[in-house]
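Chains A and B, in that order, give the protein sequences.
In terms of the working numbering, the first sequence opens at residue 5 and continues consecutively.
In terms of the working numbering, the second sequence opens at residue 5 and continues consecutively.
Careful: at least some of the hints might be erroneous.
Because identical chains cannot be distinguished in the list, a pair is counted as satisfied if it fits within a single copy or across any two copies.
To be verified - Derived lysine-lysine pairs resembling BS3-like cross-links, with alpha carbons at most 25 angstroms apart: (1) Lys20 x Lys110; (2) Lys23 x Lys110; (3) Lys185 x Lys386; (4) Lys128 x Lys23; (5) Lys128 x Lys246; (6) Lys10 x Lys23.
Simulated from the structure, these hints should not be mistaken for lab results.
Protein chains: 2
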Amino acid sequence: MELFEKHEARFSAARKACKERFHWSPFPEAAAQVADGEALNAEAEQAFAALCSTHFELNLPGVVDRVGEEVSPYTCKPLGISYPRCEPDELFNAAEAAMPDWAALKPEQRIGLLLEVIDALEKKVFLISKAVMHTAGQSPNMSFTGSGANALDRAIEALVYAYEAMRFTPDTAYWERQFGKATISLDKTYRLVPRGVAVCFTCASFPTWNAWPSMMASLATGNPVIVKPHPGSVLPMALSVKCFREVLAANGQNPDLVTLQLDTRDEPLGKILVKHPQTAIVDFTGSAQFGSWVEQNAHPALCFTETAGVNTVVLDSCKDLDAVIRALATTLCMFSAQMCTSPQNIYLPKQGVREGDNWIPASEVRQRLADAVQAIASNPRKAAMILATIQSPETETLLDHLAGQAEVILPSTRYEHPDYPNARTRTPLMLSVNKQQRDLYLGERFGPVSFVIDCDDAGDALQQATQDVREAGGLTAFLYSTDERFIAQAEQAYARAGSQLTINLTGPMPLNFAAAYSDFHVTGLNPAGNASLTELGFVAQRFRITQSRRPSGDA
Amino acid sequence: MELFEKHEARFSAARKACKERFHWSPFPEAAAQVADGEALNAEAEQAFAALCSTHFELNLPGVVDRVGEEVSPYTCKPLGISYPRCEPDELFNAAEAAMPDWAALKPEQRIGLLLEVIDALEKKVFLISKAVMHTAGQSPNMSFTGSGANALDRAIEALVYAYEAMRFTPDTAYWERQFGKATISLDKTYRLVPRGVAVCFTCASFPTWNAWPSMMASLATGNPVIVKPHPGSVLPMALSVKCFREVLAANGQNPDLVTLQLDTRDEPLGKILVKHPQTAIVDFTGSAQFGSWVEQNAHPALCFTETAGVNTVVLDSCKDLDAVIRALATTLCMFSAQMCTSPQNIYLPKQGVREGDNWIPASEVRQRLADAVQAIASNPRKAAMILATIQSPETETLLDHLAGQAEVILPSTRYEHPDYPNARTRTPLMLSVNKQQRDLYLGERFGPVSFVIDCDDAGDALQQATQDVREAGGLTAFLYSTDERFIAQAEQAYARAGSQLTINLTGPMPLNFAAAYSDFHVTGLNPAGNASLTELGFVAQRFRITQSRRPSGDA
Numbered sequence: 005m006e007l008f009e010k011h012e013a014r015f016s017a018a019r020k021a022c023k024e025r026f027h028w029s030p031f032p033e034a035a036a037q038v039a040d041g042e043a044l045n046a047e048a049e050q051a052f053a054a055l056c057s058t059h060f061e062l063n064l065p066g067v068v069d070r071v072g073e074e075v076s077p078y079t080c081k082p083l084g085i086s087y088p089r090c091e092p093d094e095l096f097n098a099a100e101a102a103m104p105d106w107a108a109l110k111p112e113q114r115i116g117l118l119l120e121v122i123d124a125l126e127k128k129v130f131l132i133s134k135a136v137m138h139t140a141g142q143s144p145n146m147s148f149t150g151s152g153a154n155a156l157d158r159a160i161e162a163l164v165y166a167y168e169a170m171r172f173t174p175d176t177a178y179w180e181r182q183f184g185k186a187t188i189s190l191d192k193t194y195r196l197v198p199r200g201v202a203v204c205f206t207c208a209s210f211p212t213w214n215a216w217p218s219m220m221a222s223l224a225t226g227n228p229v230i231v232k233p234h235p236g237s238v239l240p241m242a243l244s245v246k247c248f249r250e251v252l253a254a255n256g257q258n259p260d261l262v263t264l265q266l267d268t269r270d271e272p273l274g275k276i277l278v279k280h281p282q283t284a285i286v287d288f289t290g291s292a293q294f295g296s297w298v299e300q301n302a303h304p305a306l307c308f309t310e311t312a313g314v315n316t317v318v319l320d321s322c323k324d325l326d327a328v329i330r331a332l333a334t335t336l337c338m339f340s341a342q343m344c345t346s347p348q349n350i351y352l353p354k355q356g357v358r359e360g361d362n363w364i365p366a367s368e369v370r371q372r373l374a375d376a377v378q379a380i381a382s383n384p385r386k387a388a389m390i391l392a393t394i395q396s397p398e399t400e401t402l403l404d405h406l407a408g409q410a411e412v413i414l415p416s417t418r419y420e421h422p423d424y425p426n427a428r429t430r431t432p433l434m435l436s437v438n439k440q441q442r443d444l445y446l447g448e449r450f451g452p453v454s455f456v457i458d459c460d461d462a463g464d465a466l467q468q469a470t471q472d473v474r475e476a477g478g479l480t481a482f483l484y485s486t487d488e489r490f491i492a493q494a495e496q497a498y499a500r501a502g503s504q505l506t507i508n509l510t511g512p513m514p515l516n517f518a519a520a521y522s523d524f525h526v527t528g529l530n531p532a533g534n535a536s537l538t539e540l541g542f543v544a545q546r547f548r549i550t551q552s553r554r555p556s557g558d559a
Numbered sequence: 005m006e007l008f009e010k011h012e013a014r015f016s017a018a019r020k021a022c023k024e025r026f027h028w029s030p031f032p033e034a035a036a037q038v039a040d041g042e043a044l045n046a047e048a049e050q051a052f053a054a055l056c057s058t059h060f061e062l063n064l065p066g067v068v069d070r071v072g073e074e075v076s077p078y079t080c081k082p083l084g085i086s087y088p089r090c091e092p093d094e095l096f097n098a099a100e101a102a103m104p105d106w107a108a109l110k111p112e113q114r115i116g117l118l119l120e121v122i123d124a125l126e127k128k129v130f131l132i133s134k135a136v137m138h139t140a141g142q143s144p145n146m147s148f149t150g151s152g153a154n155a156l157d158r159a160i161e162a163l164v165y166a167y168e169a170m171r172f173t174p175d176t177a178y179w180e181r182q183f184g185k186a187t188i189s190l191d192k193t194y195r196l197v198p199r200g201v202a203v204c205f206t207c208a209s210f211p212t213w214n215a216w217p218s219m220m221a222s223l224a225t226g227n228p229v230i231v232k233p234h235p236g237s238v239l240p241m242a243l244s245v246k247c248f249r250e251v252l253a254a255n256g257q258n259p260d261l262v263t264l265q266l267d268t269r270d271e272p273l274g275k276i277l278v279k280h281p282q283t284a285i286v287d288f289t290g291s292a293q294f295g296s297w298v299e300q301n302a303h304p305a306l307c308f309t310e311t312a313g314v315n316t317v318v319l320d321s322c323k324d325l326d327a328v329i330r331a332l333a334t335t336l337c338m339f340s341a342q343m344c345t346s347p348q349n350i351y352l353p354k355q356g357v358r359e360g361d362n363w364i365p366a367s368e369v370r371q372r373l374a375d376a377v378q379a380i381a382s383n384p385r386k387a388a389m390i391l392a393t394i395q396s397p398e399t400e401t402l403l404d405h406l407a408g409q410a411e412v413i414l415p416s417t418r419y420e421h422p423d424y425p426n427a428r429t430r431t432p433l434m435l436s437v438n439k440q441q442r443d444l445y446l447g448e449r450f451g452p453v454s455f456v457i458d459c460d461d462a463g464d465a466l467q468q469a470t471q472d473v474r475e476a477g478g479l480t481a482f483l484y485s486t487d488e489r490f491i492a493q494a495e496q497a498y499a500r501a502g503s504q505l506t507i508n509l510t511g512p513m514p515l516n517f518a519a520a521y522s523d524f525h526v527t528g529l530n531p532a533g534n535a536s537l538t539e540l541g542f543v544a545q546r547f548r549i550t551q552s553r554r555p556s557g558d559a
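Just chain A, with the same shape it has in the complex:
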């Protein structure tokens, strides 16, 4: 319990934040806020360079060979890092062998140790953020904040929920009642039993933010975890896994509680891992297509998915259209819309948008939005900070294809990255469409593309948007309206459709920012995923309760 006590102040604060859902974080959000941030950053830069073109050292069981096919979106050159590829059966067996001792610990002991892992991960955040930058293609800022600090927060949040779910059941109970004239008194003991081996699939563009909480949720409840990273973004997870293993080993636990299963694009292992007889839990972040296969095929394993959908914007009316346009443009550009929360479909009433008492014509709204996006895209410093790079060459192909399918409001081109001349970059593509072109925008088009959709009026916009969410999924939604009745209607409609709704937000906060301890991520009510970060349903089934009872005084 020592480690739990060591971290108790932080953990108690996190528990309170989860209950009351205010802003809280123990982590600096920017490298500049860290003491010695500059030195640590330079050190991480060197450490990253030293990792490139080498064998990544990770002492895993059952190593068969080495693979590695990562390419930096910043240099478009292979990282040249090779990772051990293991025989899956060996990883499962090692994980199962490690489980009983881990499961025998008290929840507080596991959580104490996992809070120690949080500390260790925090120390690695500078290096992990380099790894995220050169695999996922995020900007230096986002890779530090979104893939570092915010991911650590979501990881602690998962520990909180695991703790709340586990502590609900007491360790023991005394039970006594009459049967006829006799009194039967029983001592009861309850045990929390883990499900078994969890397989955690991580995605190419934002690996740590989803992976860390999933790993924490499984581990806190006693389950070992095999991490299966996307072959394009291995390094952030290899560093994470190494960190977990080191802290486990340093604290007398079997490091095989956390292992890494590599595969390659040519020889994918996903389906084999999902259908593996020893798989008890699957956490999946990735494409809607494979995610849907996972949901259908994971049984008898538990399955938690976050995939993708159409994130919608409904424009009705506002006080200050410029502020709306700025907020929307920035969010459309953020990491080239390669976030599962990025808006994609903008539902625009034919009569335009009312600003105060004035109607701004639809054509003008479209143009001003395009201009605002263009202002970011055409300023290389800004573009580098906000758009960053494109993770996958497939995204470029998609953009070129889509540009030929509808009326282009804003074409997509490369922009010159000021620091990385070979970076894979693309400015946002904006298309104007009508409802007859629904096939084009019904579903996530991964990357910097948005659709401005002609709607009859605001009511039609809301109806179309929520219908599209119900059919194709959706995580986030954004509404601008000064009409309280319409807002209430939208809240109701999006609650049914299952998108998390942000209303009338302008200013410097990215519209799609999801705060740990406060914002629920994914609802599970539509095809964009069945799990939510984080609520009791994300943790409560990862362990089961067994009991034994015997007459009091018998022992």
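Take the given structure of chain A and dock chain B to it, following the hints.
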């Protein structure tokens, strides 16, 4: 909130019992403990007689025709009750139409109303117990206690867990943080959104005990429920559904939140209901075979199952073998072992059982157990009270078949029921088997049959028993041992295998009695079911959380 306040004292007591897991119940366990019990019983007798050979009145939507094929195991005559059979689509549409208003209530409002349903069900317990008796075939005592009082307790328990899961998330939050130099402050609203229509399958032999908690769990979290009873045991659920509907309607709610879907043995609707596109939740109690199909095919619906398995007894050593034998014999006889918790497989070491310092040979243990069962079976009054009747003629066929497959320790015959000369009765069949005959006993053989299995020694007995549970499932397990090391080993092994273990229990409490608020029923760790009554995992996913957020002061 009025109704919640009305029932608050009871509900608070139930919440405390769930947290601390002591004995508690607000319900009298026997008809004799009820004021006017005798009169109420006589009244129920008349009410039941009046229901027979009539049209059961239930004003459901989409009625197509009337069906009913129940036969009383006590008289072996058809009850002659016909029930409305509905078009499933109409029930789903009616349920969905009723859902929004129900979902819009606060959790306390729904739970208050459902506690009112509990009161109404309690008033019907005398009649419902007649219905259970003449469909499931339970004894008058068990049908009052097990299918009445204890089922009401499990129903309240489900309400408690639903409440605990829902109250974890606040209605609103205030969130504020810096982005750059700006302060962003947001008001957040959280909504609990039900999954959708729940289909609750109930079994022939013990319908209410599982159904009421499942119905309560779904309804408390905002979901409507369609009950699909086993065609052989409709009346207990028809009365229950009527009761829910009356209380809903009396309190201004749409009664179509709870409906009844009949089917017949010749035209079963089970698979259609599970695969129905509007099915969001499936609760299933019934056969392992169909349960397994349900688990595999319910996706995208959530699915909670309780099926069957082998409940095991491991004999090692004891202080008083007579007391052990008496307790085992009674439990083997209880409702002719037609309970999912009844023991079936008795693992007996070759060298026998140690009683104090004496070894009682295996052959003697076997014989004394058979004699004790025979003593119950051969006393018609006792047999009627304990064995009661056989729900299904298929059970008789099974017993006759099994009798030819192994060495019979105790043959199964009819016994003369003192009050119902035509009752379908069978005394328990006991077979002696060895491990080579594993196919015979690996899996539930529904009805009064037990297998005494030759084992090398106590360690082998434990190993065999837990292995059988892992493969074939198992809900309960019973151990007799005076060796603390062996007990600890068994607790560990059964925790992994997932059977709830009772150690060294003798005396008047039925060994397989599972107390609401204290004993967890089913672990979800083996093929005997994936759900547990009741823990957070049983409720937490029946609803989802959506949110909306907007700048503070914007509204």
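We went through each hint and held it up to the structure:
1. Lys20 x Lys110: The answer is both: 22 angstroms in one copy and 23 angstroms across copies each meet 25 angstroms.
2. Lys23 x Lys110: Close inside one copy (23 angstroms) and across copies (18 angstroms); limit 25 angstroms.
3. Lys185 x Lys386: So Lys185 and Lys386 pass the 25 angstroms test across copies only (18 angstroms; inside, 82 angstroms).
4. Lys128 x Lys23: Neither. Shortest intra-copy (29 angstroms) and inter-copy (40 angstroms) distances fail the 25 angstroms Cα cut-off.
5. Lys128 x Lys246: within (11 angstroms within a copy, 62 angstroms between copies)
6. Lys10 x Lys23: Within one copy, since 22 angstroms is at most 25 angstroms while 27 angstroms is not.
This entry does not satisfy hint 4, going by the numbered hints stated previously; all others are met.
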